[in-house]
Amino acid sequence: MTTFFAIAVAMLSLGSAFAPAWAESPAELLKSIDDRLSIPDMRFEIRVTSFEDGKQKDYNRIWGFVKGSETEDSRILLYFVEPASVKGRKMLMDGNIVYLLFPRTRNPIRLSPLQVLLGEASNGDVARTEFSKDYDVASLEDAALDGEPCQLFKLSAKEGKKDSTYRSISLWVEKSSERPVYAEFFASDGKLLKKAYYKDYGPAEGRDFPYTMDIFDAENPDRHTTLTYTKIGRLVVRDTVFSRDYLEAWTAEAPK
Amino acid sequence: MTPRIAYSASRLALVALLAIVPASLALGLEAEVALDVLPAAALGQEGGMRAQTETTRLLAQLAASHKQSLEENLSLSGTFWADADSLPSGSPLGTPDDKLSISSRLLELGLEWEALPGQLIVELGKKIIHPSSGFFKTPLNMLSRGSASGLIPSTGAAVSTWEEGWVGADLSYLAGNVTIANFFSPRMEWSDSADQSLQYLSQQQDDFNDLLRLGVRIGTADLRLLALASSGGPGSEDPDLRLRLGAGVDANVGDSLTLRAECSVADSQDRLDVVDEKLLTSRDESVAWAPRALAGFTWTGPNELSVMAEYYYNGLGMTGSDYDRLIDYSVNRLSLPGAPGPDILDQFGGFEAARHYCFARVAGQLETDLAPALFSVVNLQDYSGMTGVNLAYTRDAWALSGSIADYWGGKDTEAGLSPVLWSIDLQLSLFF
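Each protein sequence line maps, in turn, to chains A and B.
For the first sequence, this note's numbering assigns the number 1 to the initial residue and increments by one for each residue that follows.
For the second sequence, this note's numbering assigns the number 1001 to the initial residue and increments by one for each residue that follows.
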């Protein structure tokens, strides 16, 4: 269950715009991609659906807010709307610290990052990765994906982020549109863990945003999770709203 | 035990609530119905002989919560609860007055005003305050009435799903990584004639309570400091001002480990002590500054495996020769017809008579919807305890769970002296 939350969060970071031309250094290029992938003060509704062997295993509808920062990890507030068994749960993700508040309880439970990343939940981590904050560009080369010319970024975790779930990432960015289209996420031993497709780009708050993300388990491709944004907007709220002690007071409202 | 309101009024309330639930989707209510079937066996005394009694408790609980924005930065929230219980005492040895006891209460109801949005929050009404992070025991939950139904959670958890709050005013100020809050709960008493209606809103509050909380985030750790001042007020049997202090910390270590530690201490607590275990005599005594402390961790591994362990230090509990005399007293008391003398062991509650305890829980996920858990409590002084298994199957709108718990230990141990031999809990929950 915690899984999905993270996932919801994910999308926050995904959004690209046909914005600025490529900067010069690989690091600047990566930063410009991040900039296009993030909508400041984003509020959203997301549907997270997990499949196995073609059958739907799980489904969640979640409302959320994101507070980004140039220097710090994004903070995300999530409210579970569906299904009824999880309705009313609230979650705060503050970097690697995650709090979960169950309905009718009064003390948020602190979760370990792995609890959030469990099973399909690891998809969330995939989705919310802010590449330039956590990763250095190890190499940048031309590559093709399904015949489409792309630039392939090979990323490795920064010093201090070596304990990240994904030690390295390969990210394909379409040359013609400058959209991230596909990524592979690797463990520290080089093992491929996840594959992610960024799809259904469309306008959102003045940006070109991937409304759908398909994440596949590398070991078992029959297991995959689809994250679909159904509403995206912006709402500026105080920093203190993204704090553990505000979770109880937070009144979640449907994004408009 | 929760005071019961008049049967007819309760029945009306329950019917009204049942009528509300189908409309919950439209109204945005969060509602849950839980049906518990609890077969249990206990040892009791019949005509001077100890005999096993087996009873099945049927308990239906229904709760509906809602939070409604009245206008910007002002909201009203509440939780209504009702139950129908075939064994309100909760003990197989308890004889119910009625075939079915029906009761209902407002567990919480209050106005919340964000005077400074996201920064200064004022709440007026009835609310629950549970600062503890403990699972097995909760030293920092200084204001707690216990389960509304009297049902002890069958998962090893200390806190039940539904509990009644306290009427008062809470003021919270959030600034960066610091939160300071104060909850004042006044002394509230009324005449017996007013009980029927007023107790529906709240149990009487004989004490006034003032709970000051300070929360600070230091690095990735959360630190909490608490101070509770309370008094029985003028005219009460205990007019003295009492003080309870507490502190707790939560932290993460790496990606898979969360740690928690907390401690609370009261300036004085009353208990019944053994004078002579053979003559079954006892006396009241006051224990000063006896700490309750808990330290534990949760480790998360692959395949959704989680392991939790907690150590609990109970300063009010007995140790050494005092504990031996308590056990001897209880053994002697049960060996005599009619069990003369007060039940000193029972005064402490479940697993609270000794000084040292530990708790462990291993949980996993077999399928997306199926979650097993194994848990155990051990009294580290006499090595008795309780072990249980829980299996939960959760779907979108309902969940079915089953638990079985066995109390084990010799006849001269705390768990061995528990009248409960074993218990089973089958629970069906419906979510709306």
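Hints listed in this document are in silico derivations from the structure and should not be mistaken for laboratory results.
Ideal placement from N, C-alpha and C gives every residue a C-beta, glycine not left out.
One should not assume that every hint holds.
Said to hold, decoys possible - Capping the alpha-carbon separation at 30 Å, the derived lysine-lysine pairs in DSSO-like fashion look like this:
#, chain 1, residue 1, chain 2, residue 2
1, A, Lys57, A, Lys256
2, A, Lys154, A, Lys175
3, A, Lys231, B, Lys1067
4, A, Lys256, B, Lys1278
5, B, Lys1278, A, Lys67
As the list claims (entries may be wrong) - Just some of the chain A residues that point at chain B, by a computed CB distance under 7 Å:
#, residue
6, Gly54
7, Lys57
8, Arg61
9, Val81
10, Ser85
11, Ser112
12, Gly147
13, Pro149
14, Thr240
15, Asp245
Unchecked claim - Here are the computed distance ranges between Cβ atoms for each label pair:
#, chain 1, residue 1, chain 2, residue 2, range
16, A, Arg238, B, Arg1395, 50 to 58 Å
17, A, Lys158, B, Ala1041, 54 to 62 Å
18, B, Trp1398, A, Asp41, 35 to 43 Å
19, B, Ala1309, A, Lys158, 30 to 38 Å
Discussion item. For a quick check of understanding: which of the numbered hints are violated here, in increasing order?
Written reply: 4, 5, 6, 8, 9, 12, 13 and 16
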